[in-house]
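Participant: Heads up: the sequence lines are chains S and Y, in that order. Per my numbering, the first sequence starts with residue 1, numbered consecutively. Per my numbering, the second sequence starts with residue 175, numbered consecutively.
The set of hints was computed from the structure by calculation and includes no laboratory data. Please read all numbers here as calculations on a predicted model, not as lab measurements. No residue lacks a Cβ here, since even glycine has one placed at the ideal position from N, Cα and C.
Across the chosen pairs, the derived CB separations fall in these ranges:
1. Gly67/S x Asp437/Y: 33 to 39 Å
2. Arg563/Y x Ser29/S: 45 to 51 Å
3. Ile32/S x Gln301/Y: 31 to 37 Å
In silico DSS-like links for lysine-lysine, alpha-carbon gap of 30 Å or less:
4. Lys502/Y x Lys74/S
5. Lys231/Y x Lys320/Y
6. Lys74/S x Lys374/Y
7. Lys68/S x Lys364/Y
8. Lys502/Y x Lys4/S
9. Lys540/Y x Lys700/Y
10. Lys64/S x Lys375/Y
11. Lys68/S x Lys499/Y
12. Lys499/Y x Lys4/S
13. Lys486/Y x Lys68/S
14. Lys320/Y x Lys68/S
15. Lys484/Y x Lys64/S
16. Lys512/Y x Lys64/S
17. Lys254/Y x Lys512/Y
18. Lys68/S x Lys375/Y
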Amino acid sequence: MERKAVFSVLVQNQPGVLAHVSGMFAARSYNIDSLVVGRTEDPALSRMVIVTSGDEATLEQIRKQLGKLVSAVKVRDLTEQPCVVRDLVLIQVACPPEKRGEMRQITEVFRGCVVDVAPRSVTIQLTGPEDKVEAFIDLCRPYGIRELSRTGVIAVPRDSAHSQRPGADRRRGD
Amino acid sequence: MAGDAQAADSPSATPETKMGTELLHEELLNQQVEVMFGYGGGAIMPMFDQLYESPIKFVLSRHEQGAGHMADGYARATGKVGVCIATSGPGATNLTTALATAYMDSIPVVALTGQVATAVIGNDAFQEADVTGVTRPVTKHNMLVKDVRNLRRVVREAFHIAQTGRPGPVLIDLPKDIQVATKVPLDQVKMDLPGYRPRKKGHIRQVRLAAQAINAAERPVLYVGGGVVLSGASDELRELARKSNVPVTTTLLAMGTFDGVADERLYLGMLGMHGTAYANYSVQNCDLLVAIGARFDDRVTGVVDTFAPKAKIVHIDIDPSSISKNVKVDIPVVGDAKLILEELVPLIEHRDRTSWFDQIAEWKRKYPLRYDQSGDRIKPQAVIEEISRQTGGEAIITTGVGQHQMWTAQFCQFRHPRGHITSGGLGTMGFGLPAAIGAQVGRPDKTVIDIDGDGSFQMTITELATGVEQGLPIKVVILDNQFQGMVRQWQEMFFNRRYSKTRLHNPDFARVAEAYGARGMTISDKADVADAIRDLLASDILTVADFHVEPEENVYPMVAAGKALDQMDMGAMPEWEPTESMV
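For reference, chain S alone in the conformation it holds in the complex:
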């Protein structure tokens, strides 16, 4: 049975590490839905969050292959525990002046913010779990989306989650 998995991989902050990880996925034909990498509180380490999917045997192999990489320090499958998951989108929507009010309303409901206004468009920034971001994009579609840029997902486990309860609620406090 296929499911989605979110792998959080702590890696050494060195050139070539991203290529090692993505190369491994490509070589073994594993799918990457999204991949985000950034620095952490430790300058020697970066964190990668990779969203992939597959059946249990495949996901098990992916986890092991990630662990095998010399530059990978720690690998976790965050979908095995409650975690806070966030995606960031910048969306430029076609918006004539008479529609600006509507756009602002929709944006407020979703707790996003307008970061740019132009004569015929507005640019809105929104963060949240993936389904919230998807819902907002769907709402914007009828107006006409000029351009859209998403970071992909980052995630941290909920602190209360170290008891490893699977499938627990993931939507508190977003």
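Since chain S is already given, all that's left is putting chain Y on it; use the hints.
Facilitator: Frame of chain S; chain Y shown alone:
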């Protein structure tokens, strides 16, 4: 003078600077490197200059692929890290096949490549290639050194990674300006590998579960792979097999880890696509399969869903990603084979298992390895049998890839580990001669024989020059059938004998050998085989013996694609009728 000693500590004195190549050389000596195999070029000249008067022995190949295979053969024969060196661009890309070969068989190799200066990397400079990019999928790890102060640490890390955990090739790319950079070297050269913690000791609970399973099994089999060679666990394996009274089958890479002459009753020979019938029947009918340092490769399993259908599976392996990758494992034990077997053996009880051994003896009697000995032409299997007879399992044998490789595994006795050196995982034609060179350099006391095919041999034939230059008394046996033999066999069996592009028009190999300064022999008469081999083995210079053999001989048994291990094609000999398993 006292004043000078003080001046060294005072802040105004100039600390001693060292050049990148000096630091690299120092670390190689620190790693106890005794030999390097390689070929030079522009971007690696500073390092070659450093090596000019080095105590490290240097073997100059004639192609970088040869140098890579030599380092590989050296590592397989000695257990040490094989070191090879090449220049940038084409020199480094020529190493790719050799690195992939070592990678697939988990061999500890360190490759040093020159690279263009850091300032011009990415500018399509002369002889520039993205070597770390090209070799990333075929190395255990690779590094590009961009600061000479990291150089010694990186080299130390490379050697550590290459030979620990599941071994593998590691490449270090060295820009030319880094090689000549002079900086004050760091006092501390501590490795920085927070993500690399190979597991050595098995979990005691898993070891106990494995012991219980073995003790309870009625029809167990030990399935032994290359990991037992890498771990040096042959003695522990013999103890386990004898104490538990469990038969042993070995993969291609593990031939010689179990002495089938001393323990004939317990030995099943090689299993898999061209393994013995009795090994394959044993696996398909066993109730417990104990895999030690083996990875359930598709040449061994046949169709994976049909493999060992009646067995519970114990898997002892150092690489957790190997466990349950192809075949579901019931009792995994992650760690080093030797250490795990040491803990396992005391928990083992002897059991008679008479009916299992009677069944195995019956299979051995009905389905021995055979070939048709009639006809005028020399049979390749006969040549190998004669070599085995005359060397008594004491020689180091390297091979190319193909029919000759399979017949060598079938008809040659191997009594010690590291005596059979062959490209298993990648199946690289041309491996035989350079690997023999590496093996002979590493084990000068041993007789080294490259049993090769006419196809494979020609892929790296240029290394004859290296062998002669180094004065290595390697014996090359070419089973010359004027074909790319294994492909021809498949064309015969599956493509209606349409021999498309597999016929080889060969040179007179004996004359080629002589032109290189070696000795050459040509044998086409059956009656001459034994004497020719005697003559060959007595030779003290590199000798090539070209045996003209029966061209349409096939390797049997064969498990064809899409078949299970017990659905072997046994060949055309009339009394070989495959029967249903009897247990």
